[in-house]
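Chain order of the listed sequences is A and B.
Numbered as in the working numbering, the first sequence ends at 157 without a single skipped number.
Numbered as in the working numbering, the second sequence ends at 1612 without a single skipped number.
Don't take each hint at face value.
[Claimed, not checked] Beyond 10 Å from chain A on every Cβ pair, some chain B residues (computed):
| no. | residue |
| --- | --- |
| 1 | A1253 |
| 2 | R1319 |
| 3 | N1349 |
| 4 | K1502 |
| 5 | E1562 |
| 6 | K1584 |
[Said to hold, decoys possible] Within a straight-line C-alpha distance of at most 30 Å, the following computed DSSO-like cross-link-like pairs (lysine-lysine) qualify:
| no. | chain 1 | residue 1 | chain 2 | residue 2 |
| --- | --- | --- | --- | --- |
| 7 | A | K155 | B | K1043 |
| 8 | A | K156 | B | K1312 |
| 9 | A | K156 | B | K1612 |
| 10 | B | K1312 | A | K76 |
| 11 | A | K102 | B | K1612 |
| 12 | A | K117 | A | K76 |
| 13 | A | K80 | B | K1612 |
To be clear, the hints were calculated from the coordinates, so they are not data collected in a lab.
From a predicted model like this one, the values you see are computed outputs, not experimental measurements.
C-beta atoms are modelled at their ideal positions from N, C-alpha and C, and glycine is treated no differently.
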Amino acid sequence: MCQNCNLDEKEKKLQEVLNKHKDTKGALIPVLHEAQEIYGYLPLSVQEIVANALGLPLSEVYGVVTFYTQFSLYPKGQYKIQVCLGTACYVKGSSSILDELKKQLGIEVGQCTKDGKFSLDACRCVGACGLAPVMMINEDVYGTLVASDVANILKKY
Amino acid sequence: MKSLTELNAIRQKIAKVPDYKILVGMATCGIAAGANPVMAQLKKIAQEKNLKNIDIQLTGCIGICRLEPIVEVYDSKGDRYTYVKVDSKKAADIMQKHIIEGNPCTDYLICDDSDSCIKNILETKSFKKQIRIALRNCGNINPEHIDEYIQHDGYLALGKVLTEMQPSEVIKLLLDSGLRGRGGAGFPTGLKWKFAAAAQNEQKYVCCNADEGDPGAFMDRSVLEGDPHSILEAMAIAGYAIGSNQGYIYVRAEYPVAVKRLNLAIKQAKEYGLLGKNIFGTDFSFDIELRLGAGAFVCGEETALMTSIEGKRGEPRPRPPFPANKGLFGKPTILNNVETLANVPVIINKGPEWFSKIGTEKSKGTKVFAVGGKINNTGLIEIPMGMTLREVIYEIGGGIPNGKAFKAAQTGGPSGGCIPAEHLDIQIDYDNLVAIGSMMGSGGLIVMDEDNCMVDIAQFFLGFTVDESCGKCPPCRIGTRRMLEMLEKITDGKGEDKDIEKLERLAYSIKEASLCGLGQTAPNPVLSTLRYFRDEYKAHIYKKACPSGVCKHLLNYYIEAEKCVGCSVCARNCPVNAISGVVKSPYLIDNEACIKCGVCYEKCKFGAIYKK
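Produce the complete structure using the sequences and hints provided.
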């Protein structure tokens, strides 16, 4: 996410993305990925800009944003925590990791802490099944977790 | 790249053999286990001690996830040493003792089942039973260097195909090899290519399905991270065979390392002229674009995947028309899975006869499995088709941890089924697995032990499909939700007589009536657990008991009087005051008032609380 940019700068970056994808076939999803990189999420105002630039109805853009779990209509935390609830992790007790995180952060799945630092999500398999149970904080992967590891990991951020 | 001669020049351009080549496993699993500080330490020492003529490289996943981070040392004599669970301190020791003083650190080497450590992974019992075709380069080359891939026979098959073979010969060769799609259903790859080759259109597409959505499977991630060029090469070969000049790789956004390495590989291949115009000086041109998924399991279904590349909601559409005639952007398209493609260059280099000698009558070659769950050796394995499940679990997998009993192996993820102990001796191939109510699937193999409740597992998978159903067709959208509600009723202890029959009837209707593979296979986890573990369902419904002690609502907590010292910790922590007693004498839980939160169970220091 572009943390230090003001809104105008973000919009400028978005315009660059839109220009870059002018001739891309099926550009909507790549554009939304990059827009989310810039804004951290995809509010309606951003969806409108994208829809106008690509010549698509806003309903179609909104339909795509809400179809895919990677896209978010709401802001996420600075650190996005994702707890894997894939089969291997589930079998090895990842729900206890998720419960501990909820307790430590005082938030539910899908929510963000008040200071905007952490958001908590459950995800389906990050592909590190050999290390189950696993969670990801932004792009860092933590494996072979037990519930008591959670507090120390959170302290790092 | 204008000719095979030019490729051969790179093949032979092997720089001076270093005294030591050091490879650090840096796929997602290695990085998660701490490979970054290890790599930094190795490089720091090499620099500080001014070590010349050693080569430190990153590599992909060699498959032994539980022993990560892994560092392998190759010396100039050709000896190979596999160090496991390396941390910064061990890395420093390896540099000092092995690299500087020339004495391998035997204490850190990989061990087999016995206590004595052996030199390298190739000597382990579990590795000796494997044949590595799709994973041939994973853990052996640096995936970020195209030259290393070329020096391991990379792009040789593409060169051969473009300069010596007709497209029809390539297809015939694949048909002869017997290669079947590794994504799950096992459709013959050569046949798929043949159909698309026959379609008349000036624009055709080659797609690679790298949207590995099956939770518990990571074969494709390992190939993409460890050997991305093999996929590019195979796609170009496919392009030549069917007459396409454009490929798309649809990869999960959840795999950032794979995305980075694929992008790098595409850039390098373009620089070398192995992608782009007039490859190997021929008329053939081919380009590849990467498309990121956005977290939708249904996009693993071929028509949904193509709709998603087109930039729309990833909803499947009815077939026919099949993608071979009308696929991406309405043009003839083939879609192959990562592992399938990884096999292609090897089959061309070594010949279809060689390939078809491996495996069973109808399933040729090898299959990669991501082995996880309740098993000692979690990781990635590649076995010849026809190996028994028992060999996989007990000989390669090292059996079940903590002396527990094997209950079932789950293959095929949310589309597959559970294989019980009575079928441990089944030979793994496409047709055998279908015959016992499971399927090969993409290669997730999750082992469950006596502590896993099969009704709970079925509910887990149904919960997954309900979340991931795209909503286009009612049997899947509504039917799976109804099934999940029935399962929840059963695990909540509210199951009634005839619930099993209702569940079965609905399951078969959903299979019959759903539009795409997701819905057609969604009931499988329920049907296969009903087939082999019906007694567990019955225990939940008629005895209101969960035999494995998993389903919360069917459990009661008790205090074992002999073990209870009367410390009162449980009573003080109970949120609903359901525990009563007098200090220094055994306490008692009132099961009527208990909400089964498990706090007392966790807090008791004397192990006096048990659940039943």
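Each hint tested on the structure:
With 10 Å as the threshold on Cβ separation, the claim that A1253 of chain B sits away from chain A is violated: the shortest Cβ distance comes to roughly 5 Å. For R1319 of chain B, the requirement that its beta carbon stay farther than 10 Å from each beta carbon of chain A is met, with the minimum near 20 Å. Every beta carbon of chain A lies more than 10 Å from that of N1349 of chain B, the smallest distance being close to 28 Å; the non-interface claim holds. Annotated as non-interface, K1502 of chain B keeps its C-beta farther than 10 Å from every C-beta of chain A; the closest such distance is 26 Å.
The beta carbon of E1562 of chain B is kept farther than 10 Å from every beta carbon of chain A, the shortest such distance being approximately 28 Å. Consistency note on K1584 of chain B: stated as away from chain A, and its beta-carbon is indeed over 10 Å from all of that chain's, at 30 Å minimum. Of the supplied pair hints, the one linking K155 of chain A and K1043 of chain B holds, its CA atoms being roughly 28 Å apart against a limit of 30 Å. Of the supplied pair hints, the one linking K156 of chain A and K1312 of chain B is violated, its CA atoms being roughly 39 Å apart against a limit of 30 Å.
Restraint check for K156 of chain A and K1612 of chain B: the C-alpha separation of about 39 Å exceeds 30 Å, so the hint is violated. The straight-line distance between the Cα atoms of K1312 of chain B and K76 of chain A is roughly 24 Å, inside the 30 Å bound, and the hint therefore holds. The suggested pairing of K102 of chain A with K1612 of chain B holds, with an alpha-carbon distance near 27 Å, which does not exceed 30 Å. For the given pair, K117 of chain A sits about 9 Å from K76 of chain A by alpha-carbon distance, which is consistent with the 30 Å threshold.
For the hint linking K80 of chain A to K1612 of chain B, the alpha-carbon distance of about 38 Å lies beyond 30 Å, and the restraint is violated.
Going down the numbered hints, you'll see the structure goes against 1, 8, 9 and 13, while the others check out.
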